[in-house]
Every structure is written in structure tokens, then in C-alpha cells.
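Asks: Now for the letters of each chain:
There are 2 protein chains.
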Amino acid sequence: MVRYKATIAYDGTNFQGFQRQPNGRTVQEEIEKTLTRMNDGRSIQIHGSGRTDAGVHAQGQVIHFDFPQTRPLEKMRFGLDTQTPEDIAVKDVEIVDDYFHARYLVTEKTYQFRVDIGKPRSPFRRHYASYFPYPLDLEKIQQALPDLLGTHDFTSFCATGSAVEDKTRTIYEATMAVNPAGDELVFTFRGDGFLYKMIRIIVGTLLKIGNGRMPADSLPGIIAQKDRNAAGPTAHPEGLYLWKVSYE
Amino acid sequence: MVRYKATIAYDGTNFQGFQRQPNGRTVQEEIEKTLTRMNDGRSIQIHGSGRTDAGVHAQGQVIHFDFPQTRPLEKMRFGLDTQTPEDIAVKDVEIVDDYFHARYLVTEKTYQFRVDIGKPRSPFRRHYASYFPYPLDLEKIQQALPDLLGTHDFTSFCATGSAVEDKTRTIYEATMAVNPAGDELVFTFRGDGFLYKMIRIIVGTLLKIGNGRMPADSLPGIIAQKDRNAAGPTAHPEGLYLWKVSYE
Numbered sequence: 001m002v003r004y005k006a007t008i009a010y011d012g013t014n015f016q017g018f019q020r021q022p023n024g025r026t027v028q029e030e031i032e033k034t035l036t037r038m039n040d041g042r043s044i045q046i047h048g049s050g051r052t053d054a055g056v057h058a059q060g061q062v063i064h065f066d067f068p069q070t071r072p073l074e075k076m077r078f079g080l081d082t083q084t085p086e087d088i089a090v091k092d093v094e095i096v097d098d099y100f101h102a103r104y105l106v107t108e109k110t111y112q113f114r115v116d117i118g119k120p121r122s123p124f125r126r127h128y129a130s131y132f133p134y135p136l137d138l139e140k141i142q143q144a145l146p147d148l149l150g151t152h153d154f155t156s157f158c159a160t161g162s163a164v165e166d167k168t169r170t171i172y173e174a175t176m177a178v179n180p181a182g183d184e185l186v187f188t189f190r191g192d193g194f195l196y197k198m199i200r201i202i203v204g205t206l207l208k209i210g211n212g213r214m215p216a217d218s219l220p221g222i223i224a225q226k227d228r229n230a231a232g233p234t235a236h237p238e239g240l241y242l243w244k245v246s247y248e
Numbered sequence: 001m002v003r004y005k006a007t008i009a010y011d012g013t014n015f016q017g018f019q020r021q022p023n024g025r026t027v028q029e030e031i032e033k034t035l036t037r038m039n040d041g042r043s044i045q046i047h048g049s050g051r052t053d054a055g056v057h058a059q060g061q062v063i064h065f066d067f068p069q070t071r072p073l074e075k076m077r078f079g080l081d082t083q084t085p086e087d088i089a090v091k092d093v094e095i096v097d098d099y100f101h102a103r104y105l106v107t108e109k110t111y112q113f114r115v116d117i118g119k120p121r122s123p124f125r126r127h128y129a130s131y132f133p134y135p136l137d138l139e140k141i142q143q144a145l146p147d148l149l150g151t152h153d154f155t156s157f158c159a160t161g162s163a164v165e166d167k168t169r170t171i172y173e174a175t176m177a178v179n180p181a182g183d184e185l186v187f188t189f190r191g192d193g194f195l196y197k198m199i200r201i202i203v204g205t206l207l208k209i210g211n212g213r214m215p216a217d218s219l220p221g222i223i224a225q226k227d228r229n230a231a232g233p234t235a236h237p238e239g240l241y242l243w244k245v246s247y248e
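Protein chains in written order, with the UniProt record's numbering: chain A, 1 to 248; chain B, 1 to 248.
Take the hints with a grain of salt, since some may be wrong.
Stated by the list, open to error - SDA-like mimics (lysine to any residue), calculated; alpha carbons at most 25 angstroms apart, straight line: (1) A:K244 <-> A:V186; (2) B:K244 <-> A:L149; (3) A:K119 <-> B:T151; (4) B:K91 <-> A:H236; (5) B:K208 <-> B:Y247; (6) B:K33 <-> B:G60; (7) B:K244 <-> A:K208; (8) A:K119 <-> B:K208; (9) B:K91 <-> A:D137.
These aren't lab readings, by the way, just hints derived from the structure by calculation.
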């Protein structure tokens, strides 16, 4: 068996998330169906760097799988790309050592979150950015962002019901840019890992700060409380992109 | 009756074009349904600056309609915007003189055409750019573009079967830009009017030139032939945007 690592992008709009499940179309299922077909009907299973929820997108999700034969890499990439549905793109394929694992060996993940702040909401971004039509003081958001950096117990920013025990994570980068037209915010978060719905709760909290319903210096206190109720609402999934996964 | 002019955007993906027709969802029908509802069920008809085909988008389509009462403009805009489906946005509403006509008084129209030249095709652009995965010499396209400028009989760039008699049009602007990532071409065409499928045939011809299957200086000869068969193929509708309509 040869182990392949692939970098994929997908438009999450018409998926019930990445991970295979009994009901609903998933990214994993579509890719496994294609690989199994390429393997003359013998089942192939893939492993992703992590799940993404329904409606969440990926520009750089990483998967690995074992395939019986060595194939020319561009042939493998092209075959997978063109045989999967058009809302999945296969950007890169490489052969990796047998010990490579797309989930266990992750060192960093980068997410983007986009917020459409235009009036009206752009019909072209309705599936690709969350919409926030209320007043925003962007300066307050810029002030609050550095408070996320470093190693913290992010219990307050984890959806209740998560089975993960250790909720300590390190965030290396937390920035916000405004697009040239001034009608879209692009948040970038890079860290050693993120809890369930963590980015969406962070963005919901930052928007509450920008909207003046929480002071700009609220984040340290929210983190200290270790209580999901202390943070803001969960932002909608359509603004979230798994942007990059790093290894080694 | 008060005459209103409105500037609208729409994602053409799920429409059978702008103009009302017996079968299929259209932009005109959705807006007229909303206006009629806002008018207590009494029918309101809209007039657009022109049709757009199935799959074609608009950032700045202009319509006009007559409504019995004067309403605060932002209230009218917000009502129309929020009550139409989410793939239509109402960007601006103003009250105009009774002689204003969205179609007859057009002085200039601007279209954009986007071509995804990345490998693989971006899943996020599959409805918003035409895909061209073949080699392209962009310099040849840049060389050819100025030959479109000025007043010409564009019969060679008009879909056969068009009922329009005078096929002379003036093009003021014909440019191509590459996006920062280098994987998307953005063509802009501005003129006093365009024939049926004219932009799509122009782009199909330019891509043929860029791909080396036609010399870079072909356009004057194609124009001179006044024969649709002399030009290249019709590019796909999903790359086309009605960008701006100017009056007076």
C-alpha cells in the first residue's frame, strides 16, 4: 500500500460537513466513493485533518489514504479532482511516509472567517460570508484581537457538549482585514488547534464588541470565567474556511 | 403614480434569465411578485435595462416601475431587498421623472467577464467564472483587445437568429486584468450597447487567440467578414456580469 496525502478545497454549502454520516451528503463520502471507483470497487477510506461542520468551507483541508498502487502524482490528482463532484477540488497530491497521519500530526491550523458588512447583503456572498448589518466600530475589534494570542484555557469559546477534556490551546495569530471595497471583514486565526465551534464563538464575541454591546477589553475576563455563557453568540457557518493545515 | 428607478444585483445561477417567461424562475417575476405584494395585490410591472441570459449575473442592473404612493426611499429599498429572495439584492432606489425609461434611455453599459484559469477549478467560482484550463498567452490577448475599440458592425459577434437590424455598436473600453493570485482573468467591456451574446462571443474569440489557435491580429478581419462563423465560440454564461448601466 502507498500512503497519499492530498490537499483539497470544498464549497461546504451543499454538504452536511466533512465527516461521513448515515444521512446527508458529506465530503468524506464523496471522496471515498471516487477513490473506491478508482480502485476497481475495493473500498478505500480517507482520514481528514479534522471535521468541518455543515456549511463550512475549506481551501486547504488535508486528507490521507492508502492506495494499492503507486500512480503518477498528477494523474492521481487529476483523476480525483475530475471524478469528484464540482464542489470539491483536489489541489495537490503527494506520496508520504507510512507514519504520516492527517489528523494526529497536525502542528498548526489556520482558519479564515468572512463577514459581509455591506448594505444590502451581496447575493454573491450569501453562502460564502456571514452577514452582519449592524453598526461596527472596527477599532474596538482591532483592540480586542491581541487578547486572544497565547496559551489559554478556551472553555468559554467551546460549544457545550464537547467531549474534549483539555481545552487549552495556543493562538499564534488573530487578525482582521477589510477588503478594498470596505464591505467585507476577513478574520485570520492561526493556532495549534481549535475547539468545537471555537472560531465561530470568537467571531460572534468580536462582533458583539464591535457593535458596542461588550467592552473592547472583555476577552481576558471571558477567558478567565471558563463558561460558554460568558462569550458571545456562535457566528454562522457559511463565513468559516479551513484555510491551511501544517505538519511536522 | 410615482416612477421609481432601482439598481439591483443578482446571482444568475438559479434564474432562467432576467425576463419573465412562461416556464422557469426569472428575476423579473420575483421582483414583480414582491412589488405586487407591497401594493396590496395590485399588479406592478417592471422594466429592465435589458435581458440577461440564464446563469448570467448582475451587479448593477437597472429597472424602473410605477408605484401608486411615494414612500421613503430607504423604506422602499429595504422592503424590496428583504422581501425578494436572497439571490436578488436591491442596492439603490430613487424617484425619477415620468419620462425616465430603464431601457430606452441607456447611454452606456459595462459588462465584466471572469475566467477561472487556476488548476484545479475553484469550487467557489464554479458558478461565478467560466473555466479555461488550457495554455494562454495573455500578452496576445492584451495585443488584440484594442482592435475592439471604436464603432464597428459587430455582426460577426452576434448570435445568429437575433432580430436586431442595425448591428453597429461603439466600444469605449475593452480591458483585461489578472487577479492578485494570478488564477482569474477579469475582462471589462464598456460600450453604447451590446448585441445578443456579443460579450460571450468576444471572450470566446479572445481565449482562442490567447490559446494560439488564432493570430493576435485576427479581430479586424473577423469584424470585416460580418459572419458569426468567423469568430470564436460563445463563452459560458456563468462568467458574465452586467456591471453598470448609465443614463443621460
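Asks: The structure should be examined with respect to each hint, and the outcome stated for every one.
Replies: Here is how each hint holds up against the structure:
{"no.": "1", "hint": "A:K244 <-> A:V186", "verdict": "holds, 15 angstroms"}
{"no.": "2", "hint": "B:K244 <-> A:L149", "verdict": "violated, 44 angstroms"}
{"no.": "3", "hint": "A:K119 <-> B:T151", "verdict": "violated, 38 angstroms"}
{"no.": "4", "hint": "B:K91 <-> A:H236", "verdict": "holds, 23 angstroms"}
{"no.": "5", "hint": "B:K208 <-> B:Y247", "verdict": "violated, 34 angstroms"}
{"no.": "6", "hint": "B:K33 <-> B:G60", "verdict": "holds, 20 angstroms"}
{"no.": "7", "hint": "B:K244 <-> A:K208", "verdict": "violated, 35 angstroms"}
{"no.": "8", "hint": "A:K119 <-> B:K208", "verdict": "violated, 39 angstroms"}
{"no.": "9", "hint": "B:K91 <-> A:D137", "verdict": "holds, 23 angstroms"}
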